[in-house]
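J.: Below, each chain spelled out in residue letters.
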Amino acid sequence: MLATPHRPRLAVWKFASCDGCQLSILDLEDELLALAGRIEIANFREASSAVLDGPYDLSLVEGSITTREDAKRIREVRAQSKVLVTIGACATAGGIQALRNFANIDEFRRAVYARPEYIETLATSTPIADHVPVDHELRGCPISKSQLLEMVGAFLQERAPNTPNESVCIECKRRGNVCVLVARGTPCLGPVTQAGCGAICPAFSRGCYGCFGPQGSPNVASMLTELHRLGMTAPEVRRVFRTFNAGAPAFRTASEFAVEATDAKEGAP
Amino acid sequence: MVELGVGGRGILPRREFPRLLEAITASGYEIVGPTVREGAIVYDRLRGVDDLPIGWTDRQEGGQYRLERRGDEALFGYTVGPYTWKKFLFPARERLFTARREGDSFVVIPEPTDGPKLALFGMRACELAGLDITDTVFQGGPTPDPGYRARRGRILRVAVQCGQAGGTCFCVSMGTGPGVRGGADLVVTEILSPGEHRFRLDIGSEEGARVVRGLASVLAPVPPEDDARVEAIVARTAASMGRTMESRGLRDLLRETLDHPRWQHVANRCLSCTNCTMVCPTCFCSTHEEVPDLNAETVERWRRWDSCFNLGFSELHGVSVRKSGLSRYRQWLTHKLGTWHDQFGSSGCVGCGRCITWCPVAIDLTEEVAALRQPATPSAPPGGNR
Chain A
1 MLATPHRPRL
11 AVWKFASCDG
21 CQLSILDLED
31 ELLALAGRIE
41 IANFREASSA
51 VLDGPYDLSL
61 VEGSITTRED
71 AKRIREVRAQ
81 SKVLVTIGAC
91 ATAGGIQALR
101 NFANIDEFRR
111 AVYARPEYIE
121 TLATSTPIAD
131 HVPVDHELRG
141 CPISKSQLLE
151 MVGAFLQERA
161 PNTPNESVCI
171 ECKRRGNVCV
181 LVARGTPCLG
191 PVTQAGCGAI
201 CPAFSRGCYG
211 CFGPQGSPNV
221 ASMLTELHRL
231 GMTAPEVRRV
241 FRTFNAGAPA
251 FRTASEFAVE
261 ATDAKEGAP
Chain B
1 MVELGVGGRG
11 ILPRREFPRL
21 LEAITASGYE
31 IVGPTVREGA
41 IVYDRLRGVD
51 DLPIGWTDRQ
61 EGGQYRLERR
71 GDEALFGYTV
81 GPYTWKKFLF
91 PARERLFTAR
101 REGDSFVVIP
111 EPTDGPKLAL
121 FGMRACELAG
131 LDITDTVFQG
141 GPTPDPGYRA
151 RRGRILRVAV
161 QCGQAGGTCF
171 CVSMGTGPGV
181 RGGADLVVTE
191 ILSPGEHRFR
201 LDIGSEEGAR
211 VVRGLASVLA
221 PVPPEDDARV
231 EAIVARTAAS
241 MGRTMESRGL
251 RDLLRETLDH
261 PRWQHVANRC
271 LSCTNCTMVC
281 PTCFCSTHEE
291 VPDLNAETVE
301 RWRRWDSCFN
311 LGFSELHGVS
321 VRKSGLSRYR
331 QWLTHKLGTW
341 HDQFGSSGCV
351 GCGRCITWCP
361 VAIDLTEEVA
371 ALRQPATPSA
381 PPGGNR
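Quick mapping for you: the protein sequence lines, in order, are chains A and B.
This note's numbering applies: residue 1 is where the first sequence begins, and numbers increase by one.
This note's numbering applies: residue 1 is where the second sequence begins, and numbers increase by one.
The set of hints was computed from the structure by calculation and includes no laboratory data.
Certain hints may be false.
To be verified - Capping the alpha-carbon separation at 35 angstroms, the derived lysine-lysine pairs in DSBU-like fashion look like this:
no., chain 1, residue 1, chain 2, residue 2
1, A, 72, B, 87
2, B, 323, B, 117
3, A, 145, B, 323
4, A, 145, A, 82
5, A, 14, A, 72
6, A, 14, A, 82
7, A, 82, B, 323
Claimed, not checked - What the simulated footprint calls covered on chain A by chain B, stretch by stretch (three residues with Cβ under 8 angstroms from a Cβ of chain B suffice, anywhere in the stretch; the number is not a length):
no., region
8, 46-60
9, 215-225
To be verified - Reference listing, derived: stretches of chain B covered by chain A, where coverage requires no fewer than 3 residues with Cβ under 8 angstroms from a Cβ of chain A:
no., region
10, 39-45
11, 60-73
12, 83-97
13, 266-273
14, 296-305
15, 309-316
Using N, Cα and C, we set each Cβ at its ideal position, and we do this for glycine too.
I would like the entire structure built from these sequences, with the hints used as guidance.
T.: Printed below as a string of structure tokens:
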């Protein structure tokens with residue numbers, strides 16, 4: 001009898017998140033069977049309740065850290081994982097829930113829950129890399145299927161994944177889109193946002209809203225000036241930078257700068 | 001009787017203009033040319049004259065492009081849009097070859113270089129100059145690019161002399177236009193005023209003559225007053241350039257101003273978004289990626305447009321050697337206007353103005369060059385002329 005060739009063992013983990021990025025894995029429909037032939041899906045609760053114990057060769061981590069338990073659990077995940085890859089805006093930047101980082105968590109807790117004392121949570125939502133070393137990250141809300149496939153393929157072939165940190169603009173131009181910012185005056189975060197989505201939003205004549213987070217060398221100061229020139233007010237600018245990647249350092253800087261501009265204008269202290 | 005050989009010319013009435021496109025199609029060419037899409041004039045497949053931006057014009061300034069209706073039915077009453085013809089010769093993404101594992105070795109399956117014959121319909125003088133430059137880049141050296149060479153060998157160049165200049169045009173400064181001086185198979189000039197609409201058609205090559213040989217019955221001899229009109233149209237366009245740039249001595253200037261404070265000034269505005277390089281008719285940088293299947297049995301090598309504004313572009317041993325926006329902008333401009341001369345024997349700029357229009361923050365190389373010509377002062381002058 002032939003020995004079964006060793007298949008690397010995959011685990012998929014969920015922290016504070018919406019599960020959308022995990023669904024992107026299941027959404028690989030055409031490639032999923034081929035993938036399962038090359039990799040043993042050992043722990044993926046979104047797909048199967050059959051869970052095999054670690055250690056794992058590759059861990060995909062979705063979600064951010066928002067509780068003390070999760071801060072502990074991610075260390076356990078790291079300890080059981082040879083390679084750890086964060087997937088999506090929550091895991092790489094803290095997600096939309098990182099809006100709490102700019103506000104008072106107790107106020108949120110009281111506003112949302114009938115019995116706030118039942119809720120135990122951290123005051124911040126932080127990316128996985130703030131807690132454990134991360135080997136690679138996939139951006140996006142949700143992640144791109146083709147980047148996911150590229151990353152898993154690169155892991156299997158022991159090479160670096162090809163996920164460039166260039167801007168969305170270059171994808172727009174390769175795709176043949178007309179620039180919505182220049183031709184329509186539509187505010188667009190494409191120039192400061194990392195490529196990977198395939199420039200979907202501008203292809204439908206709307207501005208990029210930055211769901212892949214900051215590109216490799218974002219000039220947010222110049223982008224802020226430009227957004228104001230296009231007619232956006234400081235609160236509006238703050239808002240566009242405070243979405244799924246609000247906690248990414250460059251976008252956080254941009255939104256805080258816009259807040260200061262708003263406060264200065266309104267004469268706030 | 002109109003002489004339809006090389007150097008021949010004739011007048012084509014507007015109502016007969018569709019015959020020109022029909023003749024091109026009948027000669028085996030697919031026609032690509034200007035057409036309105038997504039609020040701009042882009043180069044795409046043309047099925048007939050009605051696909052042209054009839055009655056449209058464009059208003060261009062730094063960081064701004066708007067389509068507007070004209071008061072007439074001009075076929076070519078606009079300047080250049082965001083895309084250049086280079087996408088037909090040097091595609092944004094191109095598979096170069098496939099390699100397949102065979103035992104302990106592999107076989108290389110070359111990529112076919114066949115494809116349709118393309119008529120590039122509506123090339124402007126600056127774009128013909130751009131084509132000359134990409135010809136030098138891709139096939140001027142000892143190892144011509146096979147894909148480019150194959151596609152280049154299948155094109156028909158149908159030029160249009162510009163009847164108006166755009167807000168960011170400066171072809172006069174670069175000596176490339178607006179009049180067409182060779183390099184085209186056919187040249188069209190639109191003569192349009194209330195009550196009259198016709199075209200002067202000039203034959204620039206044997207292939208151009210072959211394409212239009214069936215048009216003898218609809219072409220009229222060119223009266224001297226129409227030659228004067230055409231001359232006046234080109235002269236008027238030349239006199240209304242939106243921008244000027246002193247191009248003399250640029251190579252030396254850029255070599256001597258590498259530490260000028262203006263570089264930091266422009267870097268503060270530059271988004272490193274790559275738009276200027278993407279819209280440039282001569283920017284040719286690319287990167288290669290190997291795309292294996294999951295089992296690594298076959299691997300495809302792809303080439304895609306890249307840009308010197310990307311950190312990864314200058315990555316050596318995993319580290320980018322041009323980390324700052326300053327070093328990247330300076331690399332682009334000094335190459336485009338300076339070291340391009342050393343590398344390819346000409347400037348890399350044709351004065352089309354696309355990099356000015358399509359820069360989201362309106363960085364204007366003509367303004368940057370003017371500033372670099374000023375002696376360095378401790379505080380750089382304010383920028384942004386919009």
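J.: Take the hints in turn and mark each one as holding or not.
T.: Now for the hints, and whether the structure bears them out:
1. 72(A) with 87(B): violated, 52 angstroms
2. 323(B) with 117(B): It is violated: about 42 angstroms lies between the C-alpha atoms, which goes past 35 angstroms.
3. 145(A) with 323(B): Since the Cα atoms of residue 145(A) and residue 323(B) sit roughly 30 angstroms apart, the hinted pair holds (cutoff 35 angstroms).
4. 145(A) with 82(A): holds, 23 angstroms
5. 14(A) with 72(A): holds, 14 angstroms
6. 14(A) with 82(A): Holds. Residue 14(A) to residue 82(A) sits at ~18 angstroms (cutoff 35 angstroms).
7. 82(A) with 323(B): holds, 31 angstroms
8. 46-60: n = 0 at 8 angstroms, threshold three: violated.
9. 215-225: holds (count 9)
10. 39-45: holds (count 3)
11. 60-73: Check passed, 5 qualifying residues.
12. 83-97: holds (count 4)
13. 266-273: Coverage by chain A holds for the region 266-273 of chain B (6 residues, Cβ < 8 angstroms).
14. 296-305: That given contact holds, which follows from 3 residues of the region 296-305 of chain B lying within Cβ reach (below 8 angstroms) of chain A.
15. 309-316: holds (count 3)
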